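A.B. asks: Take a look at the letters that make up each chain.
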Amino acid sequence: MSDLNTAMIEKYRSNFLKEVEANVEEGEWVKMCMQCGVCSGSCPLGKHWDHPPQEIFMMIRANKRDEVLGTDSMWMCTSCYNCIARCPRGLPITHIMHGLAVYSKRLGLTQKKQPTAEFSQIFWDNLMKKGRVNELKLGLSMYFKDGFGQGVKNAMANQKLGQNMMKAKRMNPMEFFGGHSVKDLSGFQSMVKKAQEIEEGNLKEAK
Amino acid sequence: MAKIELSFYPGCSSQKGATSSNYLVSAQTMCEELDIQLNEIPDWNCCGASIGYGGGGELPRLALSARNIALSEEHNSGQEIVATCAACWLSTREAKERLHEDEQMFKDANAALSEAGLKYQGEANVRHMVEVLVEDIGFDGIKSKVKKPLEGLKIAGYVGCQTNRPFGIAGESFENPKYLDNIVEAVGADSIPTYEKKVQCCGGALAFSEPEKSQEMIKGIIEAAYDNGADMIVTPCPLCQANVEIYQDNINDTYGTKFNMPVVYYSTLMSVAFGRSAKDAALDGQVIPAKQLEEIASK
Amino acid sequence: MADEKKFAGYVCTGCGLGERLDAGQLETTATRDGKMQSCKQHEMLCSAEGVQLIKDDIANESVTHVMIAACSKRAKVEAFNFPEVAMTRANLREGVIWVRPESDENQETTQEMADDYIRMACAELKSMSQPSASGEQTLNKNILVVGGGITGMTAAIEAAAAGYPVHLVEKSGKLGGALGSYYKVIPTRSPYDAPAENPVPGMIEAIEADDRITVHLNSTLAKTEGAPGRFNVEVATESGSSETLSIGAIVQASGWKPYDASQLPEFAHDKSADVVTNHELEALAVAANGGPIKRPSDGKEIKSVCFIQNAGQCSDKEGHLSYFSGVTDLVSIKQAMYFKELNGDCDTTILFDNLRTPGAGGEDFYRAGQQAMVTFSKGIASEVMPGDSLTVKFEDKILNEQTEMVCDLVVLATGMEPNSGPDPYAQLMVDEAEDEEEKAKAQAILENAPPSILNLQYRQGTDLPHLKNGFNDSHFICFPYETRRTGIYAAGPVRRPMDAQQARDDATGAALKAIQAAENAGLGRAAHPRSGDLSFPSFRKEGCTQCKRCTVECPFGAINEDEEGYPMYNESRCRRCGTCMGACPVRVISFENYSVETVNQQIKNVEIPEEWDEKPRILVLACENDAYPALDQAAQAGVEINPWARVIPVRCLGSVSLSWVTDALNNGYDGIVMMGCRRDDDYQCHFVRGSAMAAERMSKVGDTLDTLNLEPERVILHEVAITDVERAPQLINDMAETVEKIGLSPFKF
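Same order as they appear, the protein sequences are chains A, B and C.
Each residue of the first sequence is one higher than the one before, counting from 1 in the working numbering.
Each residue of the second sequence is one higher than the one before, counting from 1 in the working numbering.
Each residue of the third sequence is one higher than the one before, counting from 1 in the working numbering.
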């Protein structure tokens, strides 16, 4: 368990809702849920959530901190925005789910090997390198995230797909060496660094 | 028609050798015919797409889009920003709205941007290419440019998620947007108003991380197109296009189906209908060839 | 005007009547069969010119009785308004040409229909006279308001503001009622985001400053006699003195009482001082005097509170209220916000199953509660365990688990019960109970009857009749303010559960209705639904057998009895439905323009074809409030009606005399269809009980059919709503089919 997690438990003791309001993106909306369940019924991957959004909102209000931050349900979000479009109370549910996922990850509570959690980090790291996504490397990182052996297996399984893409000139092996980049890479990177500092500072402050 | 000049945000996937490079080619052809000039935002960066949140959190993610907007405001001053990619458009517009609503976030974003010597004002309009088509050109405007109507083709309009929600196209419903069908009709093909998977999610970025779950949904999207007698699927979104097109082999392996359904962009349809070559329409970028379009283009 | 009667007919040929019908023949029918002394045609009778034609005849030719053969009597009422003469309408448009197809083979039967309607109208007119007020009325503008809570105070203020003197009678020693002692009220104005200031103190000031309002504190009604426009009310004070007031109309705003929470042992209301009802919480909030609300048991500041919604409400359990009091969710949100306002960081949870926040601002107020960090948990509480802190056991309906929470105070959202007088029909309910269970229930109501509030000196009992759960009966669809005692208007929670703002709106409506009743009484005019009607019942004393049916069955308690047992009509209590007329076995009750004879003459003047003509005749008696308008609408929509039907509108099915049925059958009609309003607990009868009374009486019609050796299918009674546009004509056509199946009546002479 991370220090940050311990600190947050200390600070908000019995009020997880307040913790969410303070630390989670769009978390101040959680209290406005009226428990109609339209979000849960609208989610394309709904059946794969251990706790659909309606339940997560209720669990937050019922102080079920460990269960909420420990579930991988939020990582099932495909960002289809159906819940936002349909919520009669106008809650930005997609963003709240993203926010909860990120918060859980920051506190070190996200389940190990959660594929979407891993992929999102790989994606972010990939784009941080050059300011633009290198699709080839992104694919390879994803294949090889569980080690070399599994990576080769994954690559073989998707060999045909890769060939098809290369044939259509929509995948370029040369991308492995360099690839597209922003010109002002250092400016880009220091901007993101600064943003990260500010965001982390806010969380520390909350601590 | 007066020339339309726009500050263009192409996005990572449309770059050369990337998954939707064919989208860029056909979109450029389409714009030439419609007298739309695209001025690329110099040195644009990735928007974080719909999955970057997990690594980037809130402010760093918003800073990415703020940088693009700031660059556009600096170099393409006075021009509206237009994106062809659904996720690019959504991220950029979302960032603009969030920074507008949240004063602290606005200040924080500018603090970060100043590290790159930039200043974010947030005044430029952020639009999707189909908004330009629907609102500025109009369906009649599209129709008037058609030289080779795509007669006899039945095309399922697959709008997907992020072009449609949470912002969508003004005046369209989230549950049954009609503009894509209208574009299909404008280029002389038959739309399929009963296509029930029009706004179904394809899995988005989770096609990578949760392939089985996503492919189950993609299967439904293609199956419904077959059930409605479609010759091909058209979409405005690069990730939708890729997900629905390139996994058909995998789905056939898993489910024993025999899918071989071409999935094209609206810009592909328009380029062909406007009389341009297969190459200009980027038909060579199809993993599953759209043979009927190739035939029309070659006539 | 000469005493001599002069009958004139007018046939309109507009709206296609001239093209579809032989107007010359209609004119002949009116003069030859209908005995009209004159008959004129006009191409558009409802035009200024057509109306002038009639007016001129009334003025210059001394016409006293007018027969208009044109459209339905529900159409063109402004044009055909001749108050100085008696008038009938033959419905040739909606009744004939709009319901019959235009073709040669139908021409004969269509014309026959039209001729019959002319004969019927003429015959009706012959036995009618134009009603006029008796002239005994005087205008009494005094309004009596019973009850000094928010409802009664509002009624008093509103009636006084309209210029009417008010007597406000309050049982207790001060004005304000239940709400008077509350901390704050549910907000009534945008943005509906916080509890609002209690309006009661300001209203008391306004009443005290108003010269038109006389307040009688510590007072009750010892006796209420008379009728609208001439009530004599004896107001008795606690000290024993009394005075008699002369009153025009009455508003009863006797309010509500809180549900007795000791009937909910599972929630430990009687075991722990820290379990209170929502009503009791108000006193704690007031006692806090702007500081934090304290626990009743030990005076400790409350740090956590749990509201249990629907405590003893919406439940079939013994001793619970079967209904929802409508406002208790809003009340709990309001009170939860007291804690957010006064008790700082107090954990405030509302346990709800269905949260209902009616009214314009209800949803906004709910959101405001959420914004204020009130926790709304979908859960059903099963038990409160007393102790130093209280433990609430509940089922979390979202997380689907049995769980519990600990808190300092529990608030039970219990319901409202009406503060009614005894139900005047309680004894009748016992007598008419269909089984033992029902009888025991009715008996319990009778035995636990509350003391009277109005002490009416009416033949039918001392107070307003109830509908369900002790709430006063009113016509809940069309005339919610009206009770079953004309000129007495129930308002506020005695009528149905409601919050303060609804009660104020209700009281304003009731005050205006009371004013209208007083004014109507002054002119001898009826209240709804025959508003403005000047006719009222009278009876032929020599024929009366003093059987008292009319006095018992009048739904409005309008008829008293004199010492010999003869009926005494109270014109201004009467709603002119004719239920008394339908009840009278010796047919001695009549109105000037509506009587056993006016309808009987219509029935008799329909031409009954000989048996070998194979043209049946079906009599339709249709309630003028719902069934007849439904038929009119069907006609507008072009729905076909069988050509054998002859429709007679009646004021209420309750006015239908069994003799009409017997006479029609004896005259050779082949079938009879009666159409009245829905009559059960969710009745739609405009006269509340008329349709039900009719159904009861007609249940005995089988005997008549038996005696005549006729098939029981020939007479049928239906419930018809105004929306039954397709169904109403179908019911008539169904009877035609029945007749076709069982054959023509043998009584054709």
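Don't read these hints as lab results, they were simulated from the structure.
The structure displayed is predicted, hence computed values, not measured ones.
Check before you lean on any hint, since a few could be wrong.
[To be verified] Under the rule of at most 27 angstroms between Cα atoms (straight-line distance), these lysine-lysine pairs were calculated in the DSSO-like manner:
#1 B:K291 / B:K219
#2 C:K468 / C:K397
#3 A:K145 / B:K16
#4 B:K16 / A:K169
#5 A:K167 / B:K3
#6 B:K213 / A:K105
#7 C:K40 / A:K18
#8 C:K35 / C:K393
#9 A:K137 / B:K16
#10 B:K291 / A:K113
#11 C:K340 / A:K11
#12 A:K47 / B:K16
#13 C:K300 / A:K18
#14 A:K113 / A:K153
#15 A:K64 / A:K18
#16 B:K291 / A:K137
#17 A:K112 / A:K160
#18 B:K147 / B:K291
#19 B:K148 / A:K153
#20 A:K11 / C:K35
#21 A:K145 / B:K147
#22 C:K223 / C:K271
#23 C:K393 / A:K64
#24 A:K169 / B:K3
#25 A:K47 / A:K129
[Unchecked claim] Partial selection, computed: residues in chain B whose CB lies under 7 angstroms from chain A:
#26 V132
#27 P166
#28 E216
#29 G220
Ideal Cβ placement from N, Cα and C applies to all residues, glycine included.
A.B. asks: Which hints from the list above does the structure break, by number from lowest to highest?
C.D. replies: 2, 5, 7, 8, 10, 12, 16, 17, 19, 20, 21, 22, 24, 25, 26, 28 and 29
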